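Enquirer: Sequence:
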Amino acid sequence: MDIKEAIRQRRSIRNFKSDKLKEEDVELILEAARLAPSGTNVQPWRFIVVESDKMREELKGCTLDFVGGAPVTIVCCVDNNSLEKVPDRLQELSKAGAFKGTALEKVGSSGYKGRKMSEEDAKRYLHLNLSIAIENMTLQATELGIGSCWVMMFNQQKLSELLNLDDNIEAVALLPIGYAADNPAPRPRLSLDEIVIDRV
Numbered sequence: 001m002d003i004k005e006a007i008r009q010r011r012s013i014r015n016f017k018s019d020k021l022k023e024e025d026v027e028l029i030l031e032a033a034r035l036a037p038s039g040t041n042v043q044p045w046r047f048i049v050v051e052s053d054k055m056r057e058e059l060k061g062c063t064l065d066f067v068g069g070a071p072v073t074i075v076c077c078v079d080n081n082s083l084e085k086v087p088d089r090l091q092e093l094s095k096a097g098a099f100k101g102t103a104l105e106k107v108g109s110s111g112y113k114g115r116k117m118s119e120e121d122a123k124r125y126l127h128l129n130l131s132i133a134i135e136n137m138t139l140q141a142t143e144l145g146i147g148s149c150w151v152m153m154f155n156q157q158k159l160s161e162l163l164n165l166d167d168n169i170e171a172v173a174l175l176p177i178g179y180a181a182d183n184p185a186p187r188p189r190l191s192l193d194e195i196v197i198d199r200v
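Going by UniProt numbering, the letters in the sequence shown line up with residues 1 to 200, in that order.
Check the hints yourself; a few may be wrong.
To be verified - Derived DSSO-like pairs (lysine-lysine); straight-line CA-CA distance at most 30 Å:
id, residue 1, residue 2
1, 158, 60
2, 106, 85
3, 60, 17
4, 20, 158
5, 4, 22
6, 123, 95
7, 95, 106
8, 95, 116
9, 22, 116
10, 106, 158
11, 123, 85
12, 85, 158
13, 85, 116
14, 158, 17
15, 4, 17
16, 20, 60
17, 54, 158
18, 85, 95
19, 20, 4
20, 17, 54
21, 106, 116
22, 85, 100
23, 116, 100
24, 54, 22
25, 60, 106
26, 54, 20
To be verified - Label-pair restraints from in silico Cβ distances:
id, residue 1, residue 2, range
27, 196, 135, 12 to 22 Å
28, 96, 194, 36 to 46 Å
29, 195, 123, 23 to 33 Å
30, 135, 61, 21 to 31 Å
31, 132, 190, 19 to 29 Å
32, 15, 189, 14 to 24 Å
It is worth saying that the hints were derived from the structure and are not from the lab. Bear in mind the structure is a predicted one, so any value in this text is a computation, not a measurement. Think of the CB as a built atom: it goes at the ideal place given N, C-alpha and C, for glycine as much as any other residue.
Based on the sequences and whatever the hints tell you, model everything.
Expert: Here is the structure:
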């Protein structure tokens, strides 16, 4: 399946078969997240794989029941301390030749300060980068014939307590994955004319 077909076939699946997923498929889905791009290569994503019967059942107390009904749920988090590592990430990018032929090559990684961000801007930045990794996972899952559903309806405090998350780790979304028990029709989408504001 090519990427165009994966994009066309992806659906939000809320009804999963009980069949277990292959470990290698779960690893491929997580690897798709690991390889996602991120601003200044900050890679703020952190994941918890919920797969035991006990934890899947307890997960239902934090979110919608169907999430715990999936054979695997990937809890998608950001490390709020990851921005502290931006200088290290920039050094890595510089060594890898990422700035070659750009103005950043002259500035050098040590001279690049980036922009000052408020706490709210930093949070938005981290969440945006995580979103790219989540979309990579949904498309990889689709290519493997595995359904997924991006879920943001959960009790943050209950989930943090259940998973014993460190203070710097913030759960942002849940991604239940499994074989679809039904085959939903394509969802309505706006036309290109409605979403392309202008071409200048």
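Enquirer: For each hint, tell me whether it holds in the structure or not.
Expert: Here's how the hints hold up against the structure:
1. 158 x 60: Holds, at about 11 Å.
2. 106 x 85: Distance of about 22 Å is within 30 Å: holds.
3. 60 x 17: Roughly 17 Å separates the two Cα atoms, so the pair holds.
4. 20 x 158: holds (26 Å)
5. 4 x 22: Roughly 25 Å separates the two Cα atoms, so the pair holds.
6. 123 x 95: holds (28 Å)
7. 95 x 106: holds (13 Å)
8. 95 x 116: Holds, at about 24 Å.
9. 22 x 116: violated (44 Å)
10. 106 x 158: With a Cα-Cα distance of about 48 Å, the restraint between residue 106 and residue 158 is violated, given a limit of 30 Å.
11. 123 x 85: Roughly 15 Å separates the two Cα atoms, so the pair holds.
12. 85 x 158: Distance ~29 Å between residue 85 and residue 158 Cα, so the pair holds.
13. 85 x 116: Holds, at about 15 Å.
14. 158 x 17: holds (26 Å)
15. 4 x 17: Holds, because 26 Å separates the two Cα atoms, which is no more than 30 Å.
16. 20 x 60: holds (18 Å)
17. 54 x 158: holds (16 Å)
18. 85 x 95: Holds, at about 16 Å.
19. 20 x 4: holds (27 Å)
20. 17 x 54: holds (18 Å)
21. 106 x 116: It holds: about 21 Å lies between the C-alpha atoms, which stays within 30 Å.
22. 85 x 100: holds (22 Å)
23. 116 x 100: holds (24 Å)
24. 54 x 22: Answer holds: residue 54 to residue 22 is near 19 Å, not above 30 Å.
25. 60 x 106: Not OK: residue 60 and residue 106 at ~52 Å, beyond 30 Å, violated.
26. 54 x 20: Holds. Residue 54 to residue 20 sits at ~15 Å (cutoff 30 Å).
27. 196 x 135: 12 to 22 Å: holds (20 Å)
28. 96 x 194: 36 to 46 Å: Given about 40 Å between the Cβ atoms, the range holds.
29. 195 x 123: 23 to 33 Å: holds (26 Å)
30. 135 x 61: 21 to 31 Å: holds (28 Å)
31. 132 x 190: 19 to 29 Å: At 22 Å between Cβs, range holds.
32. 15 x 189: 14 to 24 Å: Because 22 Å falls inside the window, the suggested range holds.
Hint compliance for this structure: hints 9, 10, 25 are not met, and every other hint is.
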